[in-house]
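Using the sequences and the accompanying hints, generate a full structural model.
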Amino acid sequence: MSIYLYNTMGRKLEEFKPINEQEVGLYTCGPTVYNYAHIGNLRTFIFEDVLKRALLHSNYKVKHVMNITDVGHLTDDGDDGDDKMTKKAKEVGKSVWEIASFYTDAFINDATDLNLLKPNVLCKATDHISDMIELIKRLEKNGHTYISGGNVYFSIDTYKDYGKLANQNLDDLITAVRDDVSVDDNKKNSKDFVLWFTNSKFGEQQMMWDSPWGRGYPGWHIECSAMSMKYLGESFDIHCGGIDAIPVHHTNEIAQSEAATNKKWVNYWVHGEFLLDETGKMSKSKGDFLTLSLLKNKGYDPMDYRFFTLNGHYRSQLRFSFENLDTARKNRLSIVSKIQELLDNNAQQVKIVSEESIALQNEFDECVNNNLNMPMAIAVLWKTLKSNINDNEKYSLILYFDEVFGLKFNEIKKREIVIPNEIINLVNLRTNAKKEKDFKKADEIRAEIEKLGYILKDTAKGPVLSKKL
RNA sequence: GGUGCCAUACCCAAGUGGUAAGGGAACGGUCUGCAAAACCGUGAUGCAUCGGUUCGAAUCCGAUUGGCACCUCCA
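Going by the working numbering, the first residue of the first sequence is number 947, and it counts up by one from there.
Among the clues, some could well be false.
What the hints assert, rightly or not - Within a straight-line C-alpha distance of at most 27 Å, the following computed BS3-like cross-link-like pairs (lysine-lysine) qualify:
no., residue 1, residue 2
1, K963, K1064
2, K1386, K1397
3, K1354, K1242
4, K1064, K1176
5, K1380, K1403
6, K1242, K1210
7, K1210, K1009
No lab work stands behind these hints, which were simulated from the structure alone.
The structure is reproduced here in structure tokens:
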């Protein structure tokens, strides 16, 4: 069964065919480490993780490269804005290197919490300055650059397909300059972008490197081109990111990469939609924003958030609210407790052979392969939990599904039931109280037991204890 | 001004030409002293509105209304 993915380039669903059957090249745009990632950022990383898992689930080998943008880029693509890293460093009185290191660690912690598979290569922009310089030199040699005001610019008029990904044509871009954004006078075309800065307003830049054009630092877009090609070759399979990257970042990456190599750079562009909050887009510049650690402090498990995002399709906007997160948590815990029950009844992982189980397995794979339809795949999970297939196959199917979901169902273990004597005594006391129709006392004891971490349910066979999850 | 997306029950959310998945909430039932949990069952004759294409439309086309995002750093 092959995977179908929605390709932003061409805007249609396409059957995925790798360049090299042995190994899929996957590049995902990583974080800029000047602040914590908010849960909207994380939604995209979860979707990319699901994509990677889906490929692995289909028995592809995947070489996954993710960058860490630890060199400043400007808040404006001209020479106008503030450097985010520098700004943050000033605010807290640390060096930009310290800032980068701190937020890189924070990001890796979030990724671990969310059960994101580790990239095969996690590369920092600052470790690849020489690769970027080489790439700029190639562009210069091919006549795609010019120097103005001390900076090296990419001339978009030298690359005929500019704007293809975003469906924009050059004429529109030139005329559609917004009047509330000032234009960098050094540019020949307002959409030209900087490859190398030597002359910024920010003379006190801490991160500077020598280059053929003078001491300075790279433009924003060049790092992704340089690093992806270094690790994945001049043409590779899949490039992911958030939809916001389509019109500028990815558009510019394509221009400079293909202008340098004269080859098609990436075959499939896959973009994740935004997470919205009550007021609209979740944004770092709004001030307060939701982080994973905030959710954890409120008592949510990172898997609650992962499950929440899996209930919407990656290409649809998803509105975050605590009410919806609560529902996700409740549902996830319900699933976990059903799995727990299977394990407590000695369910084992086995080969799936029954006709009904194989049907469920196929149904699940169809959901995954149809452009990662996780909401539907979760419906298959519910269907499986309710089905009459035997416990071993049921459990095995759940583990099979979780290869893609990544909800840590494999970490649920059979409980060793060791009930303290204290609890057993309380249960006996309550049973006696019930016999004597002293229901008030019985209810009190039940509350006491719950306080001690156990939940007692009366069944036809007598009281049943379970540990609070 | 340009580009793109969306509108499905009380809530979240699939479905993209063949007669509305799933989950939560709600309600009813089984069980119980009562609960909780579990299990079973109920729920949109209709998918923003209007028109069109079609044997057939939530799905395609057009118009209208409402909402969102991007074109400025953000996933």
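Cross-check of the supplied hints:
1. K963 / K1064: Satisfied, since the Cα-Cα distance of roughly 23 Å is no more than 27 Å.
2. K1386 / K1397: holds (17 Å)
3. K1354 / K1242: holds (17 Å)
4. K1064 / K1176: holds (19 Å)
5. K1380 / K1403: holds (13 Å)
6. K1242 / K1210: violated (43 Å)
7. K1210 / K1009: OK: K1210 and K1009 at ~19 Å, within 27 Å.
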